[in-house]
Every structure is written in structure tokens, then in C-alpha cells.
Amino acid sequence: MSICADHGRRLGLIVNPVAGLGGRVGLKGSDGAAIQQQALRLGAVPQSLHRAAQVLERLKPIKDELMLYTYPAEMGEEAAKRCGLDHTVIGSIVAGQTTAADTARAAREMQRLGVDLLLFAGGDGTARDIIDAIDDTLLVLGIPTGVKMQSAVFAVSPISAGDLTLASLQGRIRREREAEVMDIDEDALRQGIVTAKLYGYLRVPHEDRLVQGAKTPSSGRDKAAMETIALQIIDHMEDEPLYIVGPGTTTRAILSKLGLDKTLIGVDVVWKDKLLASDVNEAQLLNLLEGRTSRIIVTPIGGQGYLFGRGNQQISPKIIKQVGKANIIVVATPEKMDALRGRPFLVDTGDPETDRWLSGYTRVVCGYGEYSIYKISYAGEN
Amino acid sequence: MQSITEKRYTDGRPNLRRFHQAKWDEPIIFELSNPGERGILPPPIEDGIRDAVGDVASALPDMLRRKTPLDLPEMAQPQVVRHYMRLSQENLGLDLNIDIGQGTCTMKYSPKINEQLARTPQITELHPLQPEETVQGILEIMYKFEQILKEISGLDRFSLQLGAGSAAIYAAASIIRAYHAARGDTGQRDEIITTIFSHPSDAACAKTAGFNVITLYPDDDGYPDLNALKEAVSERTAGLMTANPEDTGIFNPRIAEFVDVVHKAGGLCFYDQANANGVLGITRARKAGFDLCHFNLHKTFSTPHGCGGPGAGALGVIEALSPFLPTPVVAYAGNRYYLDHNRPQSIGKVRAFYGVAGNVLRAYAWVMSLGAEGLMEVSKTAVLNNNYLLKKMLEIPGVSAPYAKGKWRIEQVRYSWEKLCKETGVHSEEIGLRAADFGVHYWTSHHPFIVPEPCTLEPTESFSKADLDEYVEILKHVAHEAYTDSDRVKTAPHNSTVHRTDQAPFDDPSQWAITWRAYLKKTERGKKG
Numbered sequence: 000m001s002i003c004a005d006h007g008r009r010l011g012l013i014v015n016p017v018a019g020l021g022g023r024v025g026l027k028g029s030d031g032a033a034i035q036q037q038a039l040r041l042g043a044v045p046q047s048l049h050r051a052a053q054v055l056e057r058l059k060p061i062k063d064e065l066m067l068y069t070y071p072a073e074m075g076e077e078a079a080k081r082c083g084l085d086h087t088v089i090g091s092i093v094a095g096q097t098t099a100a101d102t103a104r105a106a107r108e109m110q111r112l113g114v115d116l117l118l119f120a121g122g123d124g125t126a127r128d129i130i131d132a133i134d135d136t137l138l139v140l141g142i143p144t145g146v147k148m149q150s151a152v153f154a155v156s157p158i159s160a161g162d163l164t165l166a167s168l169q170g171r172i173r174r175e176r177e178a179e180v181m182d183i184d185e186d187a188l189r190q191g192i193v194t195a196k197l198y199g200y201l202r203v204p205h206e207d208r209l210v211q212g213a214k215t216p217s218s219g220r221d222k223a224a225m226e227t228i229a230l231q232i233i234d235h236m237e238d239e240p241l242y243i244v245g246p247g248t249t250t251r252a253i254l255s256k257l258g259l260d261k262t263l264i265g266v267d268v269v270w271k272d273k274l275l276a277s278d279v280n281e282a283q284l285l286n287l288l289e290g291r292t293s294r295i296i297v298t299p300i301g302g303q304g305y306l307f308g309r310g311n312q313q314i315s316p317k318i319i320k321q322v323g324k325a326n327i328i329v330v331a332t333p334e335k336m337d338a339l340r341g342r343p344f345l346v347d348t349g350d351p352e353t354d355r356w357l358s359g360y361t362r363v364v365c366g367y368g369e370y371s372i373y374k375i376s377y378a379g380e381n
Numbered sequence: 000m001q002s003i004t005e006k007r008y009t010d011g012r013p014n015l016r017r018f019h020q021a022k023w024d025e026p027i028i029f030e031l032s033n034p035g036e037r038g039i040l041p042p043p044i045e046d047g048i049r050d051a052v053g054d055v056a057s058a059l060p061d062m063l064r065r066k067t068p069l070d071l072p073e074m075a076q077p078q079v080v081r082h083y084m085r086l087s088q089e090n091l092g093l094d095l096n097i098d099i100g101q102g103t104c105t106m107k108y109s110p111k112i113n114e115q116l117a118r119t120p121q122i123t124e125l126h127p128l129q130p131e132e133t134v135q136g137i138l139e140i141m142y143k144f145e146q147i148l149k150e151i152s153g154l155d156r157f158s159l160q161l162g163a164g165s166a167a168i169y170a171a172a173s174i175i176r177a178y179h180a181a182r183g184d185t186g187q188r189d190e191i192i193t194t195i196f197s198h199p200s201d202a203a204c205a206k207t208a209g210f211n212v213i214t215l216y217p218d219d220d221g222y223p224d225l226n227a228l229k230e231a232v233s234e235r236t237a238g239l240m241t242a243n244p245e246d247t248g249i250f251n252p253r254i255a256e257f258v259d260v261v262h263k264a265g266g267l268c269f270y271d272q273a274n275a276n277g278v279l280g281i282t283r284a285r286k287a288g289f290d291l292c293h294f295n296l297h298k299t300f301s302t303p304h305g306c307g308g309p310g311a312g313a314l315g316v317i318e319a320l321s322p323f324l325p326t327p328v329v330a331y332a333g334n335r336y337y338l339d340h341n342r343p344q345s346i347g348k349v350r351a352f353y354g355v356a357g358n359v360l361r362a363y364a365w366v367m368s369l370g371a372e373g374l375m376e377v378s379k380t381a382v383l384n385n386n387y388l389l390k391k392m393l394e395i396p397g398v399s400a401p402y403a404k405g406k407w408r409i410e411q412v413r414y415s416w417e418k419l420c421k422e423t424g425v426h427s428e429e430i431g432l433r434a435a436d437f438g439v440h441y442w443t444s445h446h447p448f449i450v451p452e453p454c455t456l457e458p459t460e461s462f463s464k465a466d467l468d469e470y471v472e473i474l475k476h477v478a479h480e481a482y483t484d485s486d487r488v489k490t491a492p493h494n495s496t497v498h499r500t501d502q503a504p505f506d507d508p509s510q511w512a513i514t515w516r517a518y519l520k521k522t523e524r525g526k527k528g
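Line by line, the protein sequences are chains A and B.
Just so we're aligned, residue 0 is where the first sequence starts under numbering that gives the first Met the number 0, counting upward by one.
Just so we're aligned, residue 0 is where the second sequence starts under numbering that gives the first Met the number 0, counting upward by one.
Pulled out of the complex, with its shape left as it was, chain B reads as follows:
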């Protein structure tokens, strides 16, 4: 009998994985609707009950009653299941591939046992309007998780109300404004300083919160420019909002000086730790002098991302800023946990109720399964993985790692295929699309578009050396193809459901819709117009 394993190797090296995505040509669920078809048929109300109660619907006030039926797809259960199973096969998600190509997003494995916990009825059946004494369990978990985050950051109070990272950053900007307002400094301090390679949400949220934004560019060595910061600060400075490491994976070695310059100018300092995956147990926001920081539970703390489940943000502050935290906060009275609404200086609510309970539970479970030493091990492994990948990537012809040349990076690297593109005409996103033919993917990068032909890889701690080797082998193979058979790369992907999309119509809102209702409206308008 022929060896199964042997066929997977050529000259002692593993072959590239053969992959082909499923293609179902699946309609949109609304198109599948079959009038009268039902998933569940509730039994008719028994005569005796009807006689006793009458028309149940008429008990509702007229204003609450729907005049026309809900426009939902009418389908039986098997059709619904089949529809979503098919869609799920036309996907290339975290649980299917070596998902290190979504740099800055920290795509780590979400342990399934934590999913099981979050899906137990004790969690799923909770309602945020329940009386406090009936939700002591989740309040306790929130309170205890806050203590963990305090330990990790060194800060004094946390809010877990925020539904996502940017919500936490927005709340931070609002607290900075509230702090200055409380000191009678409102109109004067209207500028937030950030760096070009910080999490783009820092600039965006500051702007949304009403600040003017000043962006610093890197210095000649590729680090955040301290002299530019000194130029930027003034009596108008409200604060600094910065990531460290930045999205290039470069750690700002002068971060304490940055904080010092801003403090001396009268501003507050916010540490964007959306991605803290390389620094757990290694640096503390408090240690560098920050006044506020935040974490994305769906990045560093392993809960699923927004696209695959709800995100969650945690915002921490020093004691002096704690009165401004969103209301309510979870507190402990020695024998019971409660929601403290009595916070006159609070910026108010940033989100309804008090947090994404399921994700706080997942994150708490994740931390508790690792312990303090385990958390540090996470960061050490993520950094080791990243620098191993960096070394292997730089062996591929045509790729480089701009800025801070020759230095190691923290948890991710923004690479550039500029050289390869100049020599072959193959662009970065085409390499990413060709990689999809081998069952992996990457996206290029988000704002700012300074690094030419970018590609941001972040291997986290979840992926093994063998995973990283496989990923590098794929990119090496694609780069080789770019030099020898560029058409194959430029026409990729060949094994995916959708080969290429024409992106030009994205500029024209009349040509796209993100919901069925919008589609109907737009096509209706098209007919009239």
C-alpha cells in the first residue's frame, strides 16, 4: 500500500497545501423566501384559552401594533440551515486558515471551551434589566475581571461598558474633555496629538469627540518624532492618544519622554492598547505615566472579533479620572455586587446597559486559564513568533520591512512588496489574492497609506512554527511566481468562490447596498429615476 504521508512531501519538504473553496452560487436569503413556508408552526390557541382571554393582540395599545406584517424571508428550518452552511463554506475564517495575514487585528484562536461557557443558559438567558440581586454572578465576574485589568495596566479603575475598541477610545477622548472642562479649561484645550502609525481610531475618535487632531510623522529612524511632539504641544493641548507598539510593530523607546512632554504642557495621556498582545506582563501603562488606557477584549483577550461576534472594549483610568468613567460602574459592597449609577461627573453612557457580558466572561475565562505567568508567556510567544516570521519573510526576494531597519519588532510587522512590484508589476493585494489559492489570505493594510505595497502580518501566539513555515512557503512560492509567471498571480485567485470584484462601483453609492432593504430602495428609486 502506498504511503499517504510520503505523498505530502517533495525532497523532504512539505508540499504546498492544495485548496479549493466551495462554490454554491447561493442566493440572498430574501430571494429564497417562499410565501407561506414556515420554520416553526406554533399551535393555535386552544378554544378554552381564547374564550377566557379573548384576542391577545388587542390587549396591546394600538400604537404598538404593527399595521403591516414583518417583511422576513419565509422558509423552513432545513432550508435556513443549508443556506448558512453553504455560506460558511464560502469563507476563509480564523478556524479554517493560518490567519496571520490580518495584521493589527490580532487574530488569535478563541478557545472553544470559552464559547461553551458563554453559551450556557446561565449567560444567554440573562437580561440586563434583571434586578441586581439576580445577576450577582456576572457582576462578580465583571468586578473580578476589572481587578485583573488593573493589575495588567497598573491603572486604578476600569469600565467594561464599551461595545468595541473604538467606543472605548471615544470614551477616553470624552473623559479627557470632561477633565479639562471640570478644571474650567474647555474652550482652550481643543487639540489631541497622535502619531501617524498609531491605531487610526485614535485620530478618528478624538475628532468624533470634537477635538482638532495633530498627527506626528516618524523621525529619520522611523520612531515617533519627539521633536515634532515638542513643536506640537501648547496651551491648546488636551492630550496625547497613541499606540505603542505602533501598527508597524515598532516600540517607541522614548514613550516616557512623550508622556512627560504632554504632561508638562497640561495634557493627559491615553495609551491605545487595542492590541496589547506583545506587552502583557512586560510593560504597564502606569509605569510609562499614562492616565488612561484601553484594551480590545476581541484582540488581546481572545474573544471573537466584531465580524464573528460582538467586540468589547475595556477603558482604564487613574484614580483622579475615575469620576468621569461611563455610568454605571460595577462596584462591591463587601457582601454584594452592584451597579453604581451615582456618578455626577460621569461622561454618561457610551452604550446601553453595562457591557458585552458574554465577552467579558470569555476574556475572564481566558485569563484565568492562563494565570499571570501564562499571560506573559502569551506575549513572549507572540513576539518570538513575529520575529521568527520577520526573519523568514526577509529571505523572500522583493520584500522589505520599512522603518527602524535592522531592529526587532514587537507583535507585528508592516512589510512592503515595493521592490517586487517595481520589478514585476505585481501588487501587494494580488499576492494576497494568490495566497488564497493555497488556503490562506492577507489583506494589505489600513490607513495610513505610506508604506508602499503594504502587507501587515501578525502571527500572535496561536500559530505554531510549522504554521508559520507553511505560510512563508506560500508567500515565497507566490513571490517566485510573480518573477516567473506574473500573469498567474495577477489573475488570482483561481480556487476561490469569487475571483475578482470590480471595486470601482464602491465609489458610487447608487451601485451598492449593504442591506436587502437598502437594495430594494435603491432599485426602486432606479426604476423611478
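With the rest of the complex left out, here is chain A:
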């Protein structure tokens, strides 16, 4: 790709007007009309319009070239108007009664329009609605607005979302990363049970901010690290054991090196360099393990650090126990480790005894012949 190529200036904006409503009033989330009504009764103030406007403010340097597509009224039009940006409103909604279906429809239409970047203000629920609606060729970025933000698709703040959007539209950032879309079952959470699911990956613009101006060259170090991790794992694979491979892009790199297809959000089983089973559940795993030695290869969820219990519940306490602690191989790129900012890995398998047993320190494969010793904590520790 030429460095001087024309950069896209077509931006889609979807605001989920109810995202974040449940947060300040302690409702753990805002999924569903009933909860949204309850939040409003409790005095919740919508966050998303204000935050979306903060992002758009940062785009003023390119306002003359910007082609902004958005949905009516509170789903984006108001934010664009507030900032005085020219925009095209598409679609239709029933103002004051928007639903997840509106978000999904908006995302689909914007992909059809060929936007260069789709910006959405919302939380995990909104990200899920979008991932269901579009294919993975569309570049997406989340403005953090929701209550739950387990997903890694969000910028750290509206301001940084604005700067990232600007840089991406100006073609100053050409790197992308695949970021996890996670969501927690809110009803279960209100009962005190955390069940998080990995829904998939969205492509987000990636500014490797931290390596700029440094002594270190930055040639896609995360990708390179995945490659070397894959080589390390493959060079040390043994013949006998089954390898239970958890979800993630780091584990996918291992299977790609073996020429195997990885279920990105599921668990696969590898034996003697061949795919024995794909996207297995707990029962299938238990069946396969019968009378065999095995290893588990897992990578923590980006930004969250969950090793077990988020997105890989198929690898249940029973299976973890059967495989044995010494046979768990943790892989993570240095970039992923650094992004945890010193927070430990977490386990939340649903069985407190297993969690306690897993906690302590683990060795992490970070590259070829490169390891870290990293702490594992369990929910409720300290």
C-alpha cells in the first residue's frame, strides 16, 4: 500500500442512547427495556450523547473532508449537530424507544455504505449487537460509554477515541488489531454469578502509542511475538498428550503454524499435530480425555487477564483438575502482559476450590525461549 494513497474520510457513528444508564444507579448494566426504565426512574442520566460529542469535537481539524453518516436523533444525529459537523442521517427509528435491533440495522447499513471506520458509543451489549450485524472486514472503534466494558474494542477515553479516529481517518495509523468482544449475562450478574462469554473479535485501529519516540523499533511486535510463541510451543510439543487449545488470537497463531484451523472463540483439541476435534464442549472434552494424558494451552483475555472462566468455560474445573496444574501452558505476548499494568491474571471457574488451587504464580510463554513468572489471583481474593 502506498503511503500517499488517499485516506478514507467516511465515518459511521452509532450512539446507543441508553448505554451506561444502569451504571451510576448500581444496576450492573442496561440491557433490556425494563432495566432502562428502572434506571431512568432511579435518576440515571444518559452518558452517551455527551461522550459521542466529545469524540466528534476532536475531528474538527478534518471537518471539511469528513463524510459523517449517522442514525437519527439520539442515535447520533444530535451529537453531530451539537458539534456543528456536516452529516448524513440514514435509517429511521422510533425516538425514545431505540432497541438493539436499531443498532444492528444501523451497523449493517453503514457497512453497506462502505464507511472507513464505524464508531459506536456504548458498552459490551452494543459491541455484541454490532458484531452480529457486520462481517469482519469493517474497522470499528468503541467509545467507552457502557457499564460493562469487558471487551477490548474500546478506546481508553472519549478523547483518545477522538484522536484515534482522527489519526485513522488521516491515514496516520494503518495498524489494526483484533479485539475481543465479551459480554456478561446481566441477569446472572445481578444474582451474583459472573458468566462471561467471548462473542468474537472486531478489527480496531491500533496505535502502538507506547513505542513511539522510543529507542525500540516497532515493527508489529505483537504479531511477531505471537509467531515466536507459536514456534516455542510447537518445538516443544510432545507426541502423547492431547492439547486442549483455548480461544484467542495468540493460540490461533499456534494452530496456524501447524496448518490447522482454529475456532477463534472456541476450544479445539490437537493430537500429534492434527486437529482431533473443533469447538468442543465440556462433555466432549471429558470424553476425549478418557485415559489420555493432556495439556491445556490458554491465553488470558486481553486487558482483563482472565485465564479461566471467561470465554473458555468449556475448560471446566473438572477438566482443569484432570489435566493437572503442571500441564497448563499459559501463553501471552509481552504487549498483552504489559497492558495488564501489573494486575494479576484472574481465574473464575465457578468452583472456588479450583480457583484457590490455581492461584499463585504461573510461568508464561512470552516468546521463543522467553518466559515470565506471573501472579494468578481468584475472584474474591484479598
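Keep in mind that the hints were calculated from the coordinates and are not lab data.
Any given hint could be a false lead.
[To be verified] One side of the interface only, derived from the structure: several residues of chain B facing chain A at Cβ under 8 angstroms:
1) T207
2) V212
3) I213
4) Y216
5) L225
6) N226
7) E230
8) A231
9) R235
10) K421
11) G424
12) F448
13) I449
Backbone N, C-alpha and C fix where the C-beta goes; we use that ideal spot for every residue, glycine too.
Got chain A; can you put chain B on it based on the hints?
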């Protein structure tokens, strides 16, 4: 007549310095080449000589003779001088600014008198292939400087052969391997342990020397994690390679326990003292039980850095490891100094000949001008400067000093502008670039990229309180601008030669070249392709 001095103050406080860098739009020297132009015209060989000797060049064997002329720029002397003077003005080096923003690099003043010494013909005209009896002077200085380093570290033997800090660290890793090999432990002990905030060369050099590397992260209090170390050691442990203080300026208070754990596991311990500026005369590698240590003469010992002159490293070991030191070492026979090449267990040469003589001389002169008490004073002043700066920096809104909260630091601090960035969208490197508008600079930091929006400041002992106050005032001013006029910061620098560089092409090797020859090759290939 108006007072000159008064104009420099507002309300009793000094104004920020006004600065504008020179801009010459100077071509690359190869572009300035003018065929036939010469800097020196040697006189033609006189007829009588030619008749007697013949064609001098033909005396050389054919294989040694160049078939095509050297492709060098053809220029007269004044053009060359002007070219480099202009480039030097487009710079912001140590001798021009309050250079405390290059944390971990220990940018201290290199005394000019030591430069004069190093540039005397007695040094510059030396050749490493001269017979030993004709270089007794520099050998004596090397030998005596080794005695000084032994005193500072408590270790037993030093090699001054290493051309840089990382060369010394690489040599240390090689010695660790040689030691285990000598005990028949080669294949087994293949792991080096380090900490994430140690000098990154520790991990890199261990890896280059063929080891697997295990990195420890800080504990909950921000100190190197002793329990993680206990998890890491095993019968595979070859050694520990760690800095102290780490690059955060935090001193590991349990360093003796660290060394003990590794020794009990059968490993050796290497103390990375690339930057020993806060601990001269205060701690000794030997005292904490280390088996090896190294110093960068171009950091702690005031010689110019690699970018401004050659670097130099010094590697020290305990007696038991001295047979493995790079060969040769400088020795003394009671009446003469000599190079001892007879070292069968040595790891060999890490660099040609026996050291960066000019820098050893500079470092020796620096130490001798200070004396033992002076060296300790260096460290005390560097630590005092750093903690004064820490206190002043933390008064600036939006900045913090992560890890070991509330504790004083040794010689440097890795700050974070995370709060300011969240609130204003201004990133750390943009603050550094805006600072350049006032004639100072900083770089953010090197690996690991854990501290968000980092900035590593190291004031050393060279800078006065007034210097530090000026530097803090500049950063305070820039931080204030970030909150009130962030565009001014985000579009900085405004007063520099080059305002912004597009860093994206660095990812694509076809778009950059670091030498003229590489540039020609790459553009040629571009034409063909």
C-alpha cells in the same frame, strides 16, 4: 538605560527561556559532492623519487588494490566545516540544554579537560598493535583504573575490553555459561532470570548468549517480587541478571535475599550497574553477594555516550570467575605492565584489542579529579537532585510516579502523564516535543511499556537547583497549556528544525535507509521493481 536583567523576570520569577533552533535545510553530504573538488591536494611525487621507486601502487599485491575509486563526497575543507557546523546547530545535545530528560542514560557533563587529555597526541597516536614496551603509559592507566573499579565494586578482577555496556553484559552472560560448562552443567542450566524493570540489555544479552529468559514482574508494592523469584528458580537456573535500582529509580531492598535464593539454586548473580550513579561509595556489588557486575563508563564515569563518541564497558568478577574473563587482561609484573593472553578458560575476545583507550583515560581522569569522597558526593548529589525534582514534578497537575508510592527514589524516576492524557488527550511524547520549544527535551522511555504515558527524568549531579527549577517550570507551563490550549502542545514543536516526523514508514524497510549506500540500493531497487 534599561536593565538587561530585569527583562528576564516577571513578578520576581524568571521568564521561560526563548529558544529557536537554527534551520539550514542542509543536504546530505553526498549530495554536496562536486566532482574534482578536493580538501587536500598532495604534491605530486617528485621525478627523482619516482625514478628511484617506480609506481608505488604497483608494489601492492593485485588483490589489495582497488579496482574502482572510493565513492566519497568530493569537497573542499570550508564546505565540509560549514556542513558539520550547520548540522551541529540543528541539534539539542548535552552541552546545549538541561539534559535531564534522557532518563536511564545518565547524561552528565563530560569535563572538557578530560577531552583535552584524550585528544593529546600521546593518546590519539597510539596504535593497539604497538609493542607492549611502547604503550606502558596507557597500560598503567588501565591497570590503575581496574584497581579503582575493584574498590568501588568489591569484586576481584575487571576487563576493560568491552566497547559498550551491552558488550559487557553479553560477556557476563557468556562467563555464566562458561562457568557452568566448566562444571559439566552446560545443557542443564539454560535459564537466566531478570526483572521487567531491569536494564533491557540484561534480557537481550542473555538471549543473545543463548539462554532462555525468565522475566519477573513487580510485586504489589512495586518492588521486584521475591516470591516470583522463588517460583522461577530451579535446577535449570544459570543465573540472575538484574539492575538495582531498576529503571524506575526504585531500589530493591531485598537484593541480598534475591542473590541468596539464586545462589542456593546453583546460579550466579550479575549486577547490572550500567547506571551506578546513585550508589557510588554507598553500596558494593560484593556486599550484596554478587559474582559479577559491570559499569558503563559513558554513564556513571562521565565519558561521552555512544552517539557522541565511543562508549565503554567494564566487567568485574569474583576471583573464581576471573579465568573466564575476555582475553587479554592487563597485568603487572612488578616492573612492567603487560597483556596476559595466556588464559585457557577465557570466553575469548568480545572485541578487538583491549579496550576503548580514550574512554578509559577520560574515566580515570574523572575519578582521580574527584577522589573517593568526591565519588560519594557525586552519588549523594545525584540522589538529592532526583528527589528534589520528584517533589517538584509531583506538584504539576496530571503527573504521577507509579510504583513504591510515597517512597523516595535513587537516581531517576519514571513518571506517568496518564492522568493528564486522559483529561486532555495530550500524550507524553507531545509534552516532550513542546518542551523542545523552550530549549529542553525529553524522550518518553524504553521497554517495558508498562507505565502509561511515561517520561523518565534523571538529573544526575551535573545540574544545579536553578537548572532543575527551570526544567520543572517548562514542564509545568506545558502541562498548563495541555489543559488550556491543548492544540498548541499537540502541534509542537514550533521552534525546531523538524516539526513532526511521520513515524509510520519506520515499519516499512523499503521506505527508510540509514546509510547513503543503503539509500542508493533501495532507490535503485525501487526503480527496477
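For this session: Would you settle whether the hint for K421(B) is holds or violated, based on the nearest Cβ-Cβ distance to chain A being less than 8 angstroms?
Result: holds (5 angstroms)
Problem set entry | N226(B) as an interface hint toward chain A, with CB separation required under 8 angstroms | holds (7 angstroms)
Problem set entry | Hint status (Cβ of V212(B) to nearest Cβ of chain A, threshold 8 angstroms) | Where the cut-off is 8 angstroms and the nearest Cβ of chain A is about 5 angstroms from V212(B), the hint holds.
For this session: Go through the hint on G424(B) and say holds or violated, using the shortest Cβ distance to chain A against 8 angstroms.
Result: G424(B) check passes; min Cβ-Cβ to chain A is 4 angstroms, inside 8 angstroms.
For this session: Double-check L225(B) for me: the hint is only fine if its C-beta lies closer than 8 angstroms to a C-beta in chain A.
Result: Hint on L225(B): violated, closest Cβ of chain A at ~11 angstroms, above 8 angstroms.
Problem set entry | Closest C-beta approach of T207(B) to chain A relative to 8 angstroms, hint status | Nearest chain A Cβ about 11 angstroms off; hint violated.
For this session: Answer holds if the nearest beta-carbon of chain A is closer than 8 angstroms to that of F448(B); otherwise answer violated.
Result: holds (4 angstroms)
Problem set entry | Interface hint outcome for R235(B) [beta carbon to chain A under 8 angstroms] | violated (11 angstroms)
Exercise. Once the shortest beta carbon distance from Y216(B) to chain A is found, is it less than 8 angstroms?
Worked result: Where the cut-off is 8 angstroms and the nearest Cβ of chain A is about 6 angstroms from Y216(B), the hint holds.
Exercise. Does the nearest C-beta of chain A fall within a distance shorter than 8 angstroms of the C-beta of A231(B)?
Worked result: Given a least distance of 5 angstroms, the restraint on A231(B) holds.
For this session: Classify the hint on E230(B) as holds or violated, based on whether any CB of chain A lies nearer than 8 angstroms to its CB.
Result: holds (4 angstroms)
Exercise. Given I449(B) was flagged as interface, is its beta-carbon under 8 angstroms from a beta-carbon of chain A?
Worked result: Constraint on I449(B) satisfied, holds at 5 angstroms.
In terms of the numbered hints stated before, the structure departs from hints 1, 5, 9, listed from lowest to highest.
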